[in-house]
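Just so you know, the sequences run in chain order A and B. Here our numbering is used: the first residue of the first sequence is 1, the next is one more, and so on. Here our numbering is used: the first residue of the second sequence is 1, the next is one more, and so on.
I should point out that these hints are in silico values taken from the structure, not numbers from a laboratory. A couple of the hints might just be wrong.
Said to hold, decoys possible - Derived pair list, reagent style SDA-like, types lysine to any residue, alpha-carbon separation capped at 25 angstroms:
no.	chain 1	residue 1	chain 2	residue 2
1	A	K28	A	P226
2	A	K57	B	K130
3	B	K142	A	D122
4	B	K130	A	E53
5	B	K142	A	K211
6	A	K15	B	F140
7	B	K142	A	C141
8	B	K228	A	L177
9	A	K109	B	N16
10	A	K113	B	T144
11	A	K109	B	K222
12	B	K228	B	G116
13	A	K113	B	S135
14	A	K113	B	S46
15	B	K130	A	D116
16	B	K142	A	K57
17	B	K130	A	N160
18	B	K130	A	L188
19	B	K142	B	I113
20	B	K47	A	V16
21	A	K113	B	Q126
22	B	K222	A	N99
23	A	K102	B	S225
24	B	K223	A	N99
25	A	K109	B	F140
26	B	K142	A	L177
27	B	K130	A	L83
28	B	K130	A	P226
29	B	K130	A	E120
30	B	K142	A	T25
31	A	K15	B	K49
32	B	K49	A	L177
33	A	K109	B	I139
Quantities reported herein were computed from a predicted structural model and do not represent experimental measurements.
Each chain is listed here by its residues.
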Amino acid sequence: MSLLEVRNISKSFGKVDVLKDVSFTLEKGEVLSVIGSSGGGKTTLLRCLNFLEFAEKGQIIVNGEVLYDGVAVNDKKLRENRLHFGLVFQNFNLFPQYNVLKNITLAPKLLKKGTDEEIEADARRLIERVGLSDKIENYPCELSGGQQQRVAIARALALNPDILCFDEPTSALDPELTGEVLKVIKGLKNGDSTMIVVTHEMGFAKEVSDKIIFMADGIIEEMGTPDEIFNHPKSEKTKAFFSKSLENL
Amino acid sequence: MSDFLEQLPIVFDALNEGFLQTLKLFVITLLGALPLGLILSFGSMSKFKPLSGLIKTVVWIVRGSPLMIQLLIIYYFPGIVFDNNIWGSGLDGRFVASAVAFIINYACYFSEIYRGGIQGVPVGQQEAGKVLGLSKTQIFFKVTLLQMVKRIVPPMSNEIITLVKDTSLARIIAMQELIWAGEAFLTGSRGISGQIWPLFFTAIYYLVFNGVLTILFGKIEKKLSYFKV
Ligand SMILES: Nc1ncnc2c1ncn2[C@@H]1O[C@H](COP(=O)(O)OP(=O)(O)O)[C@@H](O)[C@H]1O
Ligand SMILES: [Mg+2]
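Isolated chain A, as found in the complex (with noise of 0.2 angstroms):
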């Protein structure tokens, strides 16, 4: 049994079909990256996951357990839900009147994940690992991108999510900002997380991932190993794709 499976994902802002029966799998521990050029759906697909978007019929199965059929749930168990999921924004959304502890540490208090102090030895050890140890009393206007974005990761791990979701972490950052975020995803990787990441990291993609996705249009136009995606890619648009990344490189 894969710990996630979608299964036909349809979603339509208005007249806009921005997701299109879309349906894969994913095992523990495994990576996924999605890929492809912008307006295709891919943010669209991880806010349907985190269920700050509904889609209009598909389901969301998790380690067998039907999250999402396509009707809405009642409130407790869209929370429970949520939990499930872990998601890291493009621009952080660390909470600015919090330190980078209380940031992490918010969630878990007021969800009541255990006593003050197992949550706050959890945010310390988690913090160490996205090596932010001396900036644990700092607020998120004291911090660079690269390291806002660290902690908004460690704060995503501090629910412990089946699957953590990242929207192009790295968008948003200066170029030789990158790669330190890079580096805590890569290593995450072999803390045996399961991760679905939306990059332009073709690099990154390429080394990280298990599996790849490239969307185009609210379809997976192609999904494959790194290997099939990258080398041998059989759909037209998958090359357009590359040919275009590689002009802009």
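Dock chain B with the ligands against the given chain A, drawing on the hints supplied.
Structure of chain B with the ligands alone, referenced to chain A:
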């Protein structure tokens, strides 16, 4: 000179009485307009279009016309048009009419400030709370509220300092506030007439009062300066 020294305590007595009325109007306006403004701001953000449309129109009219006219209309309209002066002719009636006009007027200004503060918090903050499994209540109190407060304090303090000075407009319906008390010594009051200096003294009251408020708001802003929104 000895005249002046004799007159001084008399003038101060009168100005203090006037200032008390000013202060009363100021406090009551805040007590009424701060919560009413919040209600109006929720109304103006309502998804129910007739409600938000109505409130936006009222806010537009109230903010777009002089408070002095609103005072005159609220005070005289019931008596002249319906032949029923609900305010009575006494001082209390003038005060209540002033308070009503001020509360409505300032609630409209405050509602826009609240709206800006609420809508100014990026939607990503709520979404970050949601994906962390927080409830709507938790998100409001633990994530967005303080960010709203921080956004609201500077425009709110401007508006409140304007209110201090605006209270003097109540003089137009002969509410006996600070300016009225000072001005009385021009025409004659308590045995003093033809004196302009009491009027200058009234300005000092406003300056000191606003000075205190400025320091207070500065303290609050400083307290919230440890983070950026
Ligand atoms: N909230 C929304 N309302 C209307 N249209 C939207 C909304 N979100 C996304 N879209 C549209 O859906 C399409 C896919 O967007 P998105 O998922 O952000 O793509 P990507 O992340 O691949 O760039 C775009 O055409 C975008 O304009
Ligand atoms: Mg996107």
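Now for the hints, and whether the structure bears them out:
1. Restraint check for K28/A and P226/A: satisfied, since their Cα atoms lie roughly 18 angstroms apart, inside the 25 angstroms limit.
2. Distance check on the hinted pair: K57/A and K130/B sit about 22 angstroms apart at the alpha-carbon level, within 25 angstroms; holds.
3. For a cut-off of 25 angstroms, the pair hint linking K142/B to D122/A stands: about 21 angstroms separates their Cα positions.
4. About 11 angstroms separates the Cα atoms of K130/B and E53/A, which keeps this hinted pair within 25 angstroms; it holds.
5. Distance restraint check for K142/B and K211/A: the Cα-Cα separation of roughly 38 angstroms exceeds the 25 angstroms cut-off, and the hinted pair is therefore not satisfied.
6. Taken as a hint, the K15/A and F140/B pair is broken in the structure, with Cα atoms around 32 angstroms apart against an allowance of 25 angstroms.
7. With a C-alpha separation of about 18 angstroms, the suggested pair K142/B and C141/A falls inside the 25 angstroms cut-off, and the hint holds.
8. Taking the CA atoms of K228/B and L177/A, the gap is about 22 angstroms. The hint holds against a cut of 25 angstroms.
9. At roughly 53 angstroms between alpha-carbon atoms, K109/A and N16/B are farther apart than 25 angstroms, so this suggested pair is violated.
10. Restraint check for K113/A and T144/B: the C-alpha separation of about 22 angstroms stays at or below 25 angstroms, so the hint holds.
11. A threshold of 25 angstroms between alpha carbons decides the hint, and for K109/A with K222/B the separation of about 28 angstroms lies outside it, so the pair is violated.
12. In summary, the hint linking K228/B to G116/B is supported, as the alpha carbons are separated by about 16 angstroms, within the 25 angstroms threshold.
13. A C-alpha spacing of about 15 angstroms is found between K113/A and S135/B, which places the hinted pair at or below 25 angstroms, so the restraint holds.
14. Using a Cα cut-off of 25 angstroms, the hinted pair K113/A and S46/B is violated, with the two alpha carbons roughly 36 angstroms apart.
15. About 21 angstroms separates the Cα atoms of K130/B and D116/A, which keeps this hinted pair within 25 angstroms; it holds.
16. Under the criterion of a C-alpha separation no larger than 25 angstroms, the hint pairing K142/B with K57/A is inconsistent with the structure, at around 33 angstroms.
17. Taken as a hint, the K130/B and N160/A pair is honoured in the structure, with Cα atoms around 15 angstroms apart against an allowance of 25 angstroms.
18. Between K130/B and L188/A the alpha-carbon distance is near 23 angstroms, which keeps this suggested pair within the 25 angstroms criterion.
19. For the given pair, K142/B sits about 21 angstroms from I113/B by alpha-carbon distance, which is consistent with the 25 angstroms threshold.
20. Between K47/B and V16/A, the direct Cα distance comes to roughly 23 angstroms. Compliance with the 25 angstroms bound is thereby established for this hinted pair.
21. With a C-alpha separation of about 21 angstroms, the suggested pairing of K113/A with Q126/B holds against the 25 angstroms cut-off.
22. Taking the CA atoms of K222/B and N99/A, the gap is about 17 angstroms. The hint holds against a cut of 25 angstroms.
23. A threshold of 25 angstroms between alpha carbons decides the hint, and for K102/A with S225/B the separation of about 18 angstroms falls inside it, so the pair holds.
24. The hinted pair formed by K223/B and N99/A meets the criterion: a straight-line CA distance of about 15 angstroms does not exceed 25 angstroms.
25. Our distance criterion of 25 angstroms between C-alpha atoms is met by K109/A and F140/B, whose separation comes to about 16 angstroms.
26. Proposed proximity of K142/B and L177/A is contradicted: the alpha carbons are some 30 angstroms apart, above 25 angstroms.
27. Under the criterion of a C-alpha separation no larger than 25 angstroms, the hint pairing K130/B with L83/A is consistent with the structure, at around 9 angstroms.
28. Taken as a hint, the K130/B and P226/A pair is broken in the structure, with Cα atoms around 33 angstroms apart against an allowance of 25 angstroms.
29. Straight-line distance between C-alpha atoms of K130/B and E120/A comes to about 21 angstroms, which keeps the hinted pair within the 25 angstroms bound.
30. Pair hint K142/B plus T25/A does not hold up; C-alpha atoms about 36 angstroms apart against a cutoff of 25 angstroms.
31. Simply put, K15/A and K49/B have alpha-carbon atoms about 23 angstroms apart, close enough for the 25 angstroms limit, and the pair holds.
32. Pair hint K49/B plus L177/A does not hold up; C-alpha atoms about 46 angstroms apart against a cutoff of 25 angstroms.
33. For a cut-off of 25 angstroms, the pair hint linking K109/A to I139/B stands: about 13 angstroms separates their Cα positions.
When held up to the earlier numbered hints, the structure conflicts with 5, 6, 9, 11, 14, 16, 26, 28, 30, 32 and fits the remainder.
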